[in-house]
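> Okay, here's what each chain looks like letter by letter:
There are 4 protein chains.
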Amino acid sequence: MNNTSNLSTPAAVTPATTNTKTNNDSAEELKVPPLSGWLTDLHRHHHKDGDTPNKQVRTIGVLTSGGDAPGMNACIRAVVRAGRYYGYRMVGVNRGYHGLLRGEINELTAGKVSGILSRGGTFMMTARSKTFPTEEGIKSAARMAKVFGIDVLVVIGGDGSFKGAQKLAHVGLPVIGIPGTIDNDVASTEYTIGYDTAMNTAMECIDKIRDTASSHERCSVIEVMGREAGYLALNVGMSSGAEVILLPEIETDFDRDVIKVILECRNMGKNHYVVVVAEGVGNSVQIAKRIEEITGIESRATILGHLQRGGSPSIRDRQTACFMGMKAVECVNEGRLNRIIAERGGKCVDLDIDEALNMKKSIARDEILGAKIIAF
Amino acid sequence: MNNTSNLSTPAAVTPATTNTKTNNDSAEELKVPPLSGWLTDLHRHHHKDGDTPNKQVRTIGVLTSGGDAPGMNACIRAVVRAGRYYGYRMVGVNRGYHGLLRGEINELTAGKVSGILSRGGTFMMTARSKTFPTEEGIKSAARMAKVFGIDVLVVIGGDGSFKGAQKLAHVGLPVIGIPGTIDNDVASTEYTIGYDTAMNTAMECIDKIRDTASSHERCSVIEVMGREAGYLALNVGMSSGAEVILLPEIETDFDRDVIKVILECRNMGKNHYVVVVAEGVGNSVQIAKRIEEITGIESRATILGHLQRGGSPSIRDRQTACFMGMKAVECVNEGRLNRIIAERGGKCVDLDIDEALNMKKSIARDEILGAKIIAF
Amino acid sequence: MNNTSNLSTPAAVTPATTNTKTNNDSAEELKVPPLSGWLTDLHRHHHKDGDTPNKQVRTIGVLTSGGDAPGMNACIRAVVRAGRYYGYRMVGVNRGYHGLLRGEINELTAGKVSGILSRGGTFMMTARSKTFPTEEGIKSAARMAKVFGIDVLVVIGGDGSFKGAQKLAHVGLPVIGIPGTIDNDVASTEYTIGYDTAMNTAMECIDKIRDTASSHERCSVIEVMGREAGYLALNVGMSSGAEVILLPEIETDFDRDVIKVILECRNMGKNHYVVVVAEGVGNSVQIAKRIEEITGIESRATILGHLQRGGSPSIRDRQTACFMGMKAVECVNEGRLNRIIAERGGKCVDLDIDEALNMKKSIARDEILGAKIIAF
Amino acid sequence: MNNTSNLSTPAAVTPATTNTKTNNDSAEELKVPPLSGWLTDLHRHHHKDGDTPNKQVRTIGVLTSGGDAPGMNACIRAVVRAGRYYGYRMVGVNRGYHGLLRGEINELTAGKVSGILSRGGTFMMTARSKTFPTEEGIKSAARMAKVFGIDVLVVIGGDGSFKGAQKLAHVGLPVIGIPGTIDNDVASTEYTIGYDTAMNTAMECIDKIRDTASSHERCSVIEVMGREAGYLALNVGMSSGAEVILLPEIETDFDRDVIKVILECRNMGKNHYVVVVAEGVGNSVQIAKRIEEITGIESRATILGHLQRGGSPSIRDRQTACFMGMKAVECVNEGRLNRIIAERGGKCVDLDIDEALNMKKSIARDEILGAKIIAF
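Residue numbers (the working numbering), protein chains in the order written: chain A, 17 to 392; chain B, 17 to 392; chain C, 17 to 392; chain D, 17 to 392.
Isolated chain A, as found in the complex:
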């Protein structure tokens, strides 16, 4: 069943699939032809235009939405290349839902996604739209997709973007969501494209700031991304050996959790201190000021800001982008529509969009404890 002939006789399109479980048994891995001979056969099997595994899908659209993330380009490329391999016509929607409403839709040829694998950001751009989330906007957008012949729309973005996709699905435009955001705050997946690059960028910045903190025997307060979710702050802090990590999820007693810890470190012989603060916790300049006032230790704040969003994607983000992009096309091939691609248990799977959007995610308490234990 898991062979190439299967790929050319796919199941019918089921726009709103009722399969709400992870496709663990049947859909968990990309189905491959028997190994012997596949190297030879690959080019021969390159599907001709229109000879698609899913006969009810002719054109796949793809857009990026929400905050940009490193690896979005790699993901667009994977969707386009895998889609074209299976014979679909591939079109790109510029500027997310805003561009969908305005019909900013172009054919994506092989050449258009050449050379973008290693580039940060998204060459199709992203934008916010006030009109789109309204009932009228959703309908307009779905209509515009139909005008350009889009049978399935692949949306690369975060939970907010998926909510838009869900609404499109409900008015009859089949969608596939791929999680791409540096915040890793999408409930249905363990990992989102861009998270690793952003963490490495933040960590490398903190490594540099530690150099100067150490030379001046200062306390460095470093604000990293994360308005509502502290994952990035927690992981970056732990991997940078931060003495204090402040997260929006955890209530903090400033004297006990910041001042006392810094002074204990000083008493143990440390001469510089790194405090990592998630954006959502509050004003990092104020925090630095209070630390200096109370402890007498010179303290400086640095807000890393948007530089965490850019940069050439790390291998983890490129890999995840490639696999999730291919998985999205596999879902189309096999008629599993209105799905969210996710990493669960370290594997690439697809979930029903309604179920995925009902999930909750909470920060791991053991990680927090761990970060404390090995900080000193």
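Source of the hints: derived by calculation from the structure; they are not laboratory data.
Even for Gly, the Cβ is constructed at its ideal location relative to N, Cα and C.
There may be inaccurate statements among the hints.
Some chain B residues judged to face chain D by a derived CB distance under 10 angstroms, without partners named [claimed, not checked]:
1) I222
2) I319
3) R325
4) G361
5) K363
6) L385
Put chains B, C and D on the given structure of chain A with help from the hints.
Same frame as chain A, but now just chains B, C and D:
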């Protein structure tokens, strides 16, 4: 049960535990105290010397063995800090089993592991020993561990190092193995410390080589690490957009799988080509020569070699090093000895060492197909 | 004359040399023995303790002062190694003049400077002292240097630190200054250690920020170091292709120089804009806000801050640190004291400290014009 | 005279200028208009098509030749933008002289050089031509330039490329050469575009290799670029703290200069060794083998190869590329043709091409001694 009091009344030491299953229910995650108040209590709960959760363990030794890998230092630090937090005496063995035989064993204080989190290599060094694997060598090594009071030995290395650890376990020295090698070729775990950094290093090198390949319209043959395992080559090749990837696991028809693919790419309009070759496949200089002879396309080989081993660890390697290091100490706390720490299903778990060493790992065929599909 | 024997019969120490010209003819380059045989002879010629080229100098002290800069460690290493090669006793003063006053002075052996070449910051730390600049402070510091037997003090820092050194010279403690600051604002030299690394760091950050600015079609306002000097901002801006560069040296008409330029760029088809602002110009958050209000283009500010100070030094900073460090010891060898090491005309020279501190530096107008011409 | 009006009433074109001296007084710096008001005036002064400062030049061609170097793209961009600013028509020749012969010539608009500042390699590609250096080839090339209306040809490359340019000048096609090669082996200039990036790349690689050399207590032999010139090897070796540096310019006694030095280092307590070898010295794998055989110290060779050619240019290379590119256009403006742009005394100047090509460059002996002194 999952609270701190539990940690101070641990199960008895069971040197050769018979629990051969992944500790999914009880041991899967580091047990944490109730969240409320933990920030305050952390320092108060810092165990006094000797007041260890596992009363039968006083001293934990740690060594690095086999090829070095980025993140080994971060892992030593995590083992030492977590160990000291729970009141154990921590000692380090220099130069792996070679140093164990020679008694190169020193106390690891908090200061000695300060500032090493971000450093490549292993400050405790690693070496090969011809004597150690012999029956006599194993006994000598276990005796020397006893001389220095080591109750449990944590071994950071690959499968070869784990086999040595297994032999030590069989003569009565309890061990814990942590997978650290850039090759990701340890059967029992999905991930080994150092793999991500090595892949990023190789990928960044290929990104640079592509610049000059493109300027000169050349074919670049790039040899990456991987004598018997092609994981690194496959993933790096895919993430670099390599046109051809050659792996030791896959038999190759040179004309069909290399020459024809390059010429097809040329015919599609490409003007430069990247061929990623795993070390074990054969002479990359010869491969470049043959490509040039047959196709007439100027071809150059680059052997990345040992530079893939070094460098400051990426966040993924630092994180994995931290969690696996803490997990090893947790195993000691809870009396689960002779275990291998592993990542399975994206989670940090521990496995029986005998069972872990019987596992097999094979390269994923779907990844290979995927790399082909999106290369063009 | 330019041979090794010369090095062991140096000129007498002239604490306040009256040579106010650049030592173009005699001192411009490190004198070397005839090439034939030097490789053999180098180790043989390693001077014994006390057998120093300058018989009146036994002990050289070295300190880092002011803001830290990448390459300070490399420079300490070069001073110490070259000093020890010529037989001087080398001591390090921790925490700059503050530590000098407190006698925080230790012998610097070969081992103590091993492995620091590639490290950011300064391992001897740096600090501010309110006492030191007073007449009493200067005398105390010179006395303390005498207590520890320091015959010449090498000061690595900026113009402020050199003023302190000048005062020490005037009370009889011979000094040599080496320019180390990321701001490149030392009037007497074309280049200061740390400048290249800081510029590369800032430029790489802007490259990343441009990714996200381009994805979101935003204007990015990026504040870089430079309270009074715009060199870093100008060069970083030019090398990042910034559309607008604001410098403290140049009066700006906001509407004409910022708003109009951005809108002209938009009219030419650009969809994102980078504005580089030197720290001394003013509040970059306000600037971003005004741009957004007037143009309607979404604008965000990023303040790079202290991360520009850290990081492993670039090759240019390591090289300059090595040459300037060796030059300082050569000055001691040849009895040219109270000098500032400088890069002039692309060469490493030494200048009289009084003359050096009277020099003025102004930003090059042609560079400003150039940055404008090639921005569009 | 040095003002904008001057720029619109330039001197007559003097194809083979007889000014053989560095233009120190008149041409040393880009002439700028009075500062007041220039920000306003810049756009107004943007020359209209054809309203060029040099009335005898309408079209400027630009090509890259020889080995590619990081910063070539930045230089093309600067030439094109400055040229267009002054009203010239700008055309690009693909694939160097090979493409010139074949008429691969296209108009370079502002958009075509947008986004290339930070890219490695050369988007106009480079190639070798066997036909071009012949008498017939030169004439054909000059004729083809005339066919496309090229009045002046800007050649970015090394000494070999400049010799081709010189021949073109002699048959009546005015040229300007800009030094771009990672080898820094152009006699007439202190610096060539690409050198700094290549050195940083090599140095960062060696920093990584040192990690693993240190963990394994090995000797690492690292071969860097430099077939005939050892500049890169010397500078990279010095900045990496290499224990031994082998250059093609210096005859080496293997026992005395390699073996003895390594053993002396070992005797001083070092446990790992870095030997940097310039490509032209000989087989680095053999060198590693001999070191291991004689000393018994495990030794491994790494050949960095082409990865030194690629990568995003450093700020020094971007800056130099910008200034040299603008200087080339300034030469056209002022009718100084058949010139080589050079960095001399730390400044950007232009030299007569015949004189420039007669210069010789030798490696600095003092740098060699310095590298030895501070290595231990």
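> Check each numbered hint from earlier against the structure, then list the numbers of those it violates in ascending order.
4, 5 and 6
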